[in-house]
Structure formats: C-alpha cells, structure tokens
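Throw the hints in and build the complete structure from the sequences for me.
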Amino acid sequence: MLVFMIIFALVMFSLFLILPLVETILLPITFTIERLVSGVKTGYSLIELFSDPRLFRTYSTTEPVIVAQIGNTTLVNFIGWDFGVIPNTLIIASIVTSITTLLGLVVAFVMARYEFRGKLIMRVIAYIPLLMTPFVNAYVIKKLFSFDGLFSYIINTVLGIPLKINVDRMFGVILTQSMAFWPIIYLNIYSSMMMIDPSLEEQAENLGAKGFKLFRSITLPLSLPGLAAGAAVVFIFSMEDLGGPIAYGFHDVLSYSIYSNIKAAQNIGEVGAYVGALAIVLLALALSIFFGIKKYVSLKQYAMLSRGGRWMPRVRKPGLVGSLIIYLVILPIMLFTAMPQIGVFVTAFSVRWSRAYPEGFTLDHFANILVNPEVLSGLTNSLRYAAMATALIIVLSLSSAYVAARSKLHTLNEVIDLISTSPLAIPGLAIASGYIIMFTSGLFKDTFLDPLSSYGPWLLVVLAYTIRRSPFATRVIYAGLQQIHVAYEEAAMNLGASRLRTLATIIVPLLGLNVLSGALLAFVYSVAETSVSVTIGAVAAGQKPLTAVMLDFLTGGRLAGLQLAAAMAVLIVVTQLLIILVTNIFLKQRYAFIGV
Amino acid sequence: MTRVSLSKVSKKFGNVFAARDVELSISKGELFTLLGPSGCGKTTTLRIIAGFEYPDSGQVFFDEEDVTYTKPYERGTAMVFQNYALWPHMSVFDNIAYGLKIKKLPKEEIRKKVLEVLDLVGLRGLESRYPLQLSGGQQQRVALARALVVEPRVLLLDEPLSNLDAKLRVRMREEIRKIQRTLSITTIYVTHDQEEAMSISDRVAIMNQGKILQVGTPQDIYFRPKNTFVATFIGKSTLLQGTVVRKDADNVLVDIGSEIRVLGKLTGDSPLKEGSRAILVIKPEDFLVEPPQEPHNVIEGVVEFSMFLGSFTQLRMSVANQNLKVFVDPKKEVKPGDRFVVYVKIDDVLVFPRESEGEVLEVA
Ligand SMILES: Nc1ncnc2c1ncn2[C@@H]1O[C@H](COP(=O)(O)OP(=O)(O)OP(=O)(O)O)[C@@H](O)[C@H]1O
Ligand SMILES: [Mg+2]
Chain V
1 MLVFMIIFAL
11 VMFSLFLILP
21 LVETILLPIT
31 FTIERLVSGV
41 KTGYSLIELF
51 SDPRLFRTYS
61 TTEPVIVAQI
71 GNTTLVNFIG
81 WDFGVIPNTL
91 IIASIVTSIT
101 TLLGLVVAFV
111 MARYEFRGKL
121 IMRVIAYIPL
131 LMTPFVNAYV
141 IKKLFSFDGL
151 FSYIINTVLG
161 IPLKINVDRM
171 FGVILTQSMA
181 FWPIIYLNIY
191 SSMMMIDPSL
201 EEQAENLGAK
211 GFKLFRSITL
221 PLSLPGLAAG
231 AAVVFIFSME
241 DLGGPIAYGF
251 HDVLSYSIYS
261 NIKAAQNIGE
271 VGAYVGALAI
281 VLLALALSIF
291 FGIKKYVSLK
301 QYAMLSRGGR
311 WMPRVRKPGL
321 VGSLIIYLVI
331 LPIMLFTAMP
341 QIGVFVTAFS
351 VRWSRAYPEG
361 FTLDHFANIL
371 VNPEVLSGLT
381 NSLRYAAMAT
391 ALIIVLSLSS
401 AYVAARSKLH
411 TLNEVIDLIS
421 TSPLAIPGLA
431 IASGYIIMFT
441 SGLFKDTFLD
451 PLSSYGPWLL
461 VVLAYTIRRS
471 PFATRVIYAG
481 LQQIHVAYEE
491 AAMNLGASRL
501 RTLATIIVPL
511 LGLNVLSGAL
521 LAFVYSVAET
531 SVSVTIGAVA
541 AGQKPLTAVM
551 LDFLTGGRLA
561 GLQLAAAMAV
571 LIVVTQLLII
581 LVTNIFLKQR
591 YAFIGV
Chain L
1 MTRVSLSKVS
11 KKFGNVFAAR
21 DVELSISKGE
31 LFTLLGPSGC
41 GKTTTLRIIA
51 GFEYPDSGQV
61 FFDEEDVTYT
71 KPYERGTAMV
81 FQNYALWPHM
91 SVFDNIAYGL
101 KIKKLPKEEI
111 RKKVLEVLDL
121 VGLRGLESRY
131 PLQLSGGQQQ
141 RVALARALVV
151 EPRVLLLDEP
161 LSNLDAKLRV
171 RMREEIRKIQ
181 RTLSITTIYV
191 THDQEEAMSI
201 SDRVAIMNQG
211 KILQVGTPQD
221 IYFRPKNTFV
231 ATFIGKSTLL
241 QGTVVRKDAD
251 NVLVDIGSEI
261 RVLGKLTGDS
271 PLKEGSRAIL
281 VIKPEDFLVE
291 PPQEPHNVIE
301 GVVEFSMFLG
311 SFTQLRMSVA
321 NQNLKVFVDP
331 KKEVKPGDRF
341 VVYVKIDDVL
351 VFPRESEGEV
361 LEVA
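Line by line, the protein sequences are chains V and L. The first sequence begins at 1 in the numbering used here and counts up by one. The second sequence begins at 1 in the numbering used here and counts up by one.
Since the hints were made in silico from the structure, they are not lab data. Incorrect hints may appear among the rest.
Stated by the list, open to error - Below, simulated DSBU-like cross-link-like pairs (lysine-lysine); rule was C-alpha separation at most 35 angstroms, straight line: (1) Lys210/V <-> Lys345/L; (2) Lys213/V <-> Lys103/L; (3) Lys12/L <-> Lys213/V; (4) Lys101/L <-> Lys317/V; (5) Lys210/V <-> Lys236/L; (6) Lys335/L <-> Lys236/L; (7) Lys247/L <-> Lys210/V; (8) Lys12/L <-> Lys317/V; (9) Lys104/L <-> Lys213/V; (10) Lys178/L <-> Lys213/V; (11) Lys210/V <-> Lys28/L; (12) Lys210/V <-> Lys113/L; (13) Lys213/V <-> Lys28/L; (14) Lys317/V <-> Lys104/L; (15) Lys210/V <-> Lys294/V; (16) Lys71/L <-> Lys119/V; (17) Lys71/L <-> Lys317/V; (18) Lys12/L <-> Lys210/V; (19) Lys210/V <-> Lys335/L; (20) Lys210/V <-> Lys211/L; (21) Lys335/L <-> Lys317/V; (22) Lys294/V <-> Lys101/L; (23) Lys210/V <-> Lys178/L; (24) Lys119/V <-> Lys12/L; (25) Lys113/L <-> Lys213/V; (26) Lys317/V <-> Lys178/L.
Predicted model only: the values in this text are computed from it and were never measured.
Following this line, the structure appears as structure tokens:
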C-alpha cells in the first residue's frame, strides 16, 4: 500500500511536473549546444536569449513620469520604465515585494501587538484582496486610476485641483500587484509573530529595551522566517502574474511573453524553444528563490527553546500617536487595497461605467451570463475540470502527505515533501510551457495528452490543476496526520489489519474533515486558476475554462464585457467565501492562506 | 543594593486573586524566596515587581521610590524567566551583551564584562554558541549571566531550576547562592520546591491563593509554622483531628477519639479553648518507637500499610479511625495488621484551631 502511494505520487509528479520542466530546460540548451558545435542556428538558443533586445536593454524606452498641460489642467502620467522583458520582470517583482513587505510588516505588527477598536474588522478587510477575481481586479484598478477615473475625478472635479493622474504600464502593474499581494506577507509575518514566546520580548524590556529597539533586535529577527516565506511567494507570484500586464498592455514581461507565444503556438519547433528559453529564466528565478527560502526558513525556524512562560499574546493599547497612525494611515491604506474587489462587486451590479464611477443598478449581467453559451460552457468546463482534478488531488495528496508523514526512509520523506510543495512556487506558465513542449511533439504527439490533437486540451488542464493545486490539500492533510498518533495505526496493524485497511478504517475517518477541507480548497483554487487555463486551456474553443472566457470578455471588445466578467468573478468569489467559511468551521483554522 | 517593599498589593484575574493584600519588605542584599503551590500567585507577584503587570491596588517601592507604574524597561530589575527566554537568534555573547548594549556601554567594556560574567558562571569558551546548542544547565547559566551582567538593582528569579534534572538542580542552587552572596544583590526567588527554598534563602514567604501566609527564616517556617497550611506544606506533616479537653499556658490536651488523648504545644496566640475543634500537626520523622526521656505522648494503632523507602520505612497507621503517617527505622520489622505503639514528644506536636487560615492539605 505504502509502495503504491509512493509510486503514484512519484509517477504523477515526474510525468506532469518534473519531466515537462526538464524538457523545457533541455530544448533551448540543446539548440545552444548544436549552435556552439556546428555553428548552425537550428532553433532559439540561449545565445539569442542574451542578445535579444526584446529581452534586455541597457536603457529604458520610456520616461517613468510624463507631465503634460492641457488648458490649465496638469496631466501626470505614471508609466514607469521599459528595459525589456527580463529587467522589467525583475524590477516589477522587486518593487512589489518591497512595498508589500513594508505594508505587510506594519499591519502584522499592529495586529499582533496592539488591541484596539475595530481590530476584528480590520483583520477581515485584510482578507479582501485575497478574494479571487481573476483579471477583473486589474481592469478595475486601471479604470480607477485613468485620467477619467475616480481618483482624477476626486482630485480635479471634487477638490477642484487642476490635476489629473493616470497610472499605467509598469506602474499600473506594480500598483495592481501590490494591492493584491500584500496580505500574503502580512499573514505569514503575523503567524510568525504570534509564535514568538512572549517572554523573549519581556526579557528584552526587562533589560531596558523599548520601542523600535525592541522591535529591531527581537521581534523583527524572530519574524524573519514568516517574512522571508511571504516575500518569496510574492516575488514569484509577481513574476507569473498575467492580469496586470494584460490589463495595462505592458507586454514586455516574462509572463506575457510566454503567454502570447504559447497562444501563437502552431509551429512548436521555433516558438517552443523561445518559450522554453523564457520559461527557463522564470523557472530558475522561482526555484532558486523557493529552495533558498526553504533552506533559510528551516534554518531559522527556531524551535522555541521551551515554553515555560505564559502564553498570553503581548497586546497593548496604542497611545494617541499610535491610534492616529492606525486609523488615519493604516486603515485607509487597507481599505484602498480592498477597492479592486469592492469595485468588481459594484461593477457586476452596475449598468455602465463610462464615467468616473459605475452607475445604475442591475441584475442583468447575472441573468446574461447564465444564458450566454460561452459563459455556460466555460462554467461547466471549469466545474468539470476542477471536480476531476479534485478527485485526483485527494488521492495524490493523501499519498504524498502520508508518505511524508509516515515513511521511515528519511530521504524519501524529504524528497516527497519538497516535490509535493514545490508547485506552490513553480510558475503556472512554466508548467504550461513544459506541457506544450513535451506533449505536442515526439512520443505524445496526437495522443489524448496532446492539447493540439483532436482530443483537445481538457485532460492536460485537469492534470495541470491537479499538480498545481495539490499542495493546498497536501498541507491540510499533512497537518491532520501529524495530530494522529502513529500508535492508532500500529494498534490496528498489530491486530492484523493491512495497511490499506488501516488507512480506510482508521486514518481516513480521523482525517475526514481535513481531506474534505483540503479537497474544497483545491477545488475552488482550481476554478480560479489562470496561467494554464488561458494558455493551454484556451487552444480549443469549446473546452475553455471560465477564467479563459473571462479574459475573452475583458479583451474581446464585447458589449458590457467588463460587467459580465465582473459578474463571473463574483460567482467565483462567492464560491470561495463559502468554501473558506466551511473549512474554517470544520478545522477552526486558516489553512487557506498561502506560504512556502 | 535596593530594598524592595510591597504595600497592600492586590491583583485579580477574572475572579481569581493572584495577589491579595501582599505586604512584603525585602532588605538590601537579601535572598528572599516566594514559596507556594502551583497557581498561588508567585509569578504574578514577581511580574508586578518587574513591571510586566500593574497591580489593581497597592504600591511597589524600590527603596523610597514608588515604582508601581514605572515601565519595565526603566526599573533596573533583571529577571530570569522560568523558560530562560534566551533569544534563539543571538549567540551566547550577544544574549549576555544585550543589556549592556542598551545601556550604550563602550564595546571594549561590554566585552570585558561579558567575559567576566562568563567566568563567574563557568561558561568561558561558549560565547559564540547559540542557545539551541547548549544543554539545559548551560542555558540556565546564560540566562543568569545575562541578568547579572547588567548589575541590576533587583534580581528576579522565576523557578530558574525547574527545567533541570535533580542533580543539576542541587548544584545550580548552590552556585546561585554563592554568586548572590558574592555580589550581594537583592534577590527575589520563586519556587514551589520547599527544599530548594529552605536551602538557599535568607527568608521565605509562604503563599497560597494570592495571600502571604507567613514570612520568616527557613528555621522559623520549619519549626514554628503559623497555621496548618504552612505546617503541612513544609515538612509533609501528618494530621490528626480532635476536640480540646484542657488548655493551659503552653499546652493543650486534645481528644482524638477512641479514648486517645494527645498533649501538644500551643501555637502563637491561638484562640483555642475547651471544647473547640483542633488539628494536631506532627512530622512523620518525629515519631519514636522507644519512649524518650522527655515528656511524651503514647499513640497506639494498627498498621495498615508499610513501605520500605531505603533510609526509613513509611507506615500508615489507623489511629482512632484516622490515618497517621509514621517514619520508622527500616530495620524494625512491621507487618500490616500489627498493633503498634509510637511515641512523640509533646514539643513535636503542634496544635492549631480547626478553622485556621488556609486550606488543610490532605496528607496521606
Ligand atoms: N494573564 C492571566 N489571565 C488570567 N489568569 C491568570 C493570568 N496570569 C495568572 N493567572 C491566574 O492567576 C493565578 C496565579 O498565577 P501565577 O502564574 O502567578 O501562579 P504561580 O504561583 O506562578 O504558579 P506556578 O507555580 O504554576 O508557576 C493562577 O490561578 C492563574 O491561573
Ligand atoms: Mg509561575
């Protein structure tokens, strides 16, 4: 039984994660070697990669801020730089990571160490940006920050200042991502801070430390594991984000380049190598961050020496200055970051958004999407794919969690643990590239795994969902397994039960709620998946999942496309909220958040 | 050197008193111990002195200065936490140097002082290790060194030895005592281990349910307990109940039933009078199997249970339908069911009124 589990997990991860990635890496390397050996260019090689002006430039083609004057109104256009695909990606990811880390740190500190009116509400607000409104949130922010948008309207019309602003291109992407990702860092730091033995801070106070010194020397260093884990996730998420670049038309980033080239993928030979070369860069960055952080975090994960003190979290009331900062700075910023999601809801129920803000109330968009054949097909496809993926995920996660928690072979545990959590860090676009390269040629060409074959991409999409979303379930199940004492199983086996029987009669009933919660989480995150959905999933018209349909509505110039996409996003958010509610009731814990 | 005094300090958590009208006066350079059962409020009292909790009422003084609401970082105390609270991200050196860096001492002086204190606690050479690489005893010494190096006005120790094994505990408490004497720092020591308290303290305060029941030297507490709680908490005494038959200047005669009468010593200004219910407190090791020279009681009963414990044999006797714990010479052969006579000096029997302060501990 254990052997079956090991084999199943290893086969799944090898075939649908490791091998595609390896092929992705090998393809451009092969071309490079051929090029170096024979001097003939057979395909896009790494040599082209480093001399391609699309990818690297030493200068920016745009001025970051452009100021213009129309009448007596000053127009300020924040567009950012353009240094080519790879520098752009890194600049965006670095700035987004810095902004979100700063905000996440401040909010985590306030939430973990202060007690004040409205704290619970603020903690709820911090979750709003995590609600999944694929692509639509980026469009909402773009509208809010255009020359005709709400902010310019407030500055210009309401306040009467002769100034209009527009945030676009690189700065638009940075703004969108920062607003969406900061809670990831906040939640990771917050949980780190809550783990700090209060006596460690009390001891420092006792020896004379206070205020910032106390924070610098004790609280911050002890929160670094959470900070690092959160920052790594944000950096990776930023690199693979498609919503921002598509909404702002900022195409010179890795994610968009991979996306557009896969979309154009008819002749895999040439394009495949280019995509592969880009995917290598993305993958190399993501993996080095993932492994680096994993190592760092495990080194610094100070098993707190012993817990003799009292475990009352150290919370105190903020003073006057503190209160002012909380209510006048932090709260407004948090509300600001919740605006895209709020905007998506408002948009979904509004008749039009042709001026500064959405206008009119209507339920028509919901009525329309429920009869629109494209939407209906996307919805049923997504539900079907997610359901099938979830079934596979249950088996896969049970297997990998069980092996990681129970196998007596130490290296095997570690390998399985590492592989099964790595999809959290591996960009979906790298997986999509790998699938295109591996399954559209050679051995798999024209089989049911080939997305370009007459079977269509559905099976590959299901498998991609399975691999990408399994870590959510694996972590929940693993956490549950660690609470079930091995002795329960040993007692059953001692009485003659086989491992399968033990699993069925002891483990699964005890783990039932964990498995259910993990499955629900995996399900909803599958429905909201974008990277594979809009690339591989979009190659056959009738098989597009919901997120691909949403993107079509946003980019396809359809009538009320934004409102209809927003209505679809509302459906996803409502499902997500229900599922998070259910898992929280079952497990009384938040496993729904994201970290390494 | 600082004198610490608490005046009418009370602190309630919900409806539990963690400190109740606590009056303490701790002299300069004294090693003063708070002793009491788990949950009686020792840690809370210590935390009030350190400034981590503010009392609901009452005041705390360091010398003449009222520090009741002074911030912990301005008090100049140094606390050794029960769990040591060593910072896992700092080396031994940095842990110890922390308080000195806060005081902005020059680097060279910090180095000198840290090395000196490492010598004092016998950890020279381990300064670049991290706390997780140390044994329990070494961690405890780092915590102590970190507190000592800042030359605090008051040293606060919260069960500093509770995480160590029995042997190390004995060695470390001797070291703490020695260092405290050498530096003569006013020290408040918290423990629930009475032997530890007896062995290192100048004076001991016995606490129960937030109240200070008695303050005195270890000898005072041991030989002259003021109530049954103190008497039973210290020395694991055994109890007998009865009714006062006669009372004179020093002694009381108590009828414990089955026509057995025991003469005991009156404690303090006891309100006992003829006919009132009384409790007799006797240390099990004070029972004799041969009649002594001095005036004594004779107690006869049936052995119910006997257990060989090495240096002595513990008996449980049934005397007038009450249980009595008796330690006898291990060479004496006693079997359950035997009738058995023991003797106890009148001076070794303490008599308390039945409704005395503090709860009566069940002593089997
Ligand atoms: N922060 C708190 N909130 C609520 N109750 C508390 C708190 N701190 C202490 N108590 C209660 O106050 C009482 C005294 O606690 P304290 O920790 O001072 O006891 P202690 O004598 O140190 O016990 P131990 O020997 O177990 O450490 C206990 O009943 C405890 O439950
Ligand atoms: Mg305590």
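Results for each hint:
1. Lys210/V <-> Lys345/L: Violated, at roughly 60 angstroms.
2. Lys213/V <-> Lys103/L: holds, 12 angstroms
3. Lys12/L <-> Lys213/V: holds, 32 angstroms
4. Lys101/L <-> Lys317/V: holds, 28 angstroms
5. Lys210/V <-> Lys236/L: Not satisfied, since the Cα-Cα distance of roughly 45 angstroms exceeds 35 angstroms.
6. Lys335/L <-> Lys236/L: Roughly 23 angstroms between the alpha carbons, so the hint for Lys335/L and Lys236/L holds.
7. Lys247/L <-> Lys210/V: violated, 62 angstroms
8. Lys12/L <-> Lys317/V: holds, 20 angstroms
9. Lys104/L <-> Lys213/V: holds, 12 angstroms
10. Lys178/L <-> Lys213/V: holds, 34 angstroms
11. Lys210/V <-> Lys28/L: Judged against 35 angstroms, a Cα distance of about 28 angstroms means the pair holds.
12. Lys210/V <-> Lys113/L: holds, 23 angstroms
13. Lys213/V <-> Lys28/L: At roughly 32 angstroms apart (the allowed maximum being 35 angstroms), Lys28/L and Lys213/V satisfy the hint.
14. Lys317/V <-> Lys104/L: Distance ~29 angstroms between Lys317/V and Lys104/L Cα, so the pair holds.
15. Lys210/V <-> Lys294/V: holds, 32 angstroms
16. Lys71/L <-> Lys119/V: Holds: Lys71/L and Lys119/V sit about 25 angstroms apart, inside 35 angstroms.
17. Lys71/L <-> Lys317/V: holds, 14 angstroms
18. Lys12/L <-> Lys210/V: Holds: Lys12/L and Lys210/V sit about 27 angstroms apart, inside 35 angstroms.
19. Lys210/V <-> Lys335/L: violated, 66 angstroms
20. Lys210/V <-> Lys211/L: The given pair, whose Cα atoms are some 32 angstroms apart, holds under the 35 angstroms limit.
21. Lys335/L <-> Lys317/V: violated, 66 angstroms
22. Lys294/V <-> Lys101/L: holds, 33 angstroms
23. Lys210/V <-> Lys178/L: Measuring from Cα to Cα gives roughly 32 angstroms; hence the hint holds.
24. Lys119/V <-> Lys12/L: Holds. Lys119/V to Lys12/L sits at ~26 angstroms (cutoff 35 angstroms).
25. Lys113/L <-> Lys213/V: holds, 22 angstroms
26. Lys317/V <-> Lys178/L: violated, 42 angstroms
In summary, the structure is inconsistent with hints 1, 5, 7, 19, 21 and 26 from the numbered list given earlier, while agreeing with the others.
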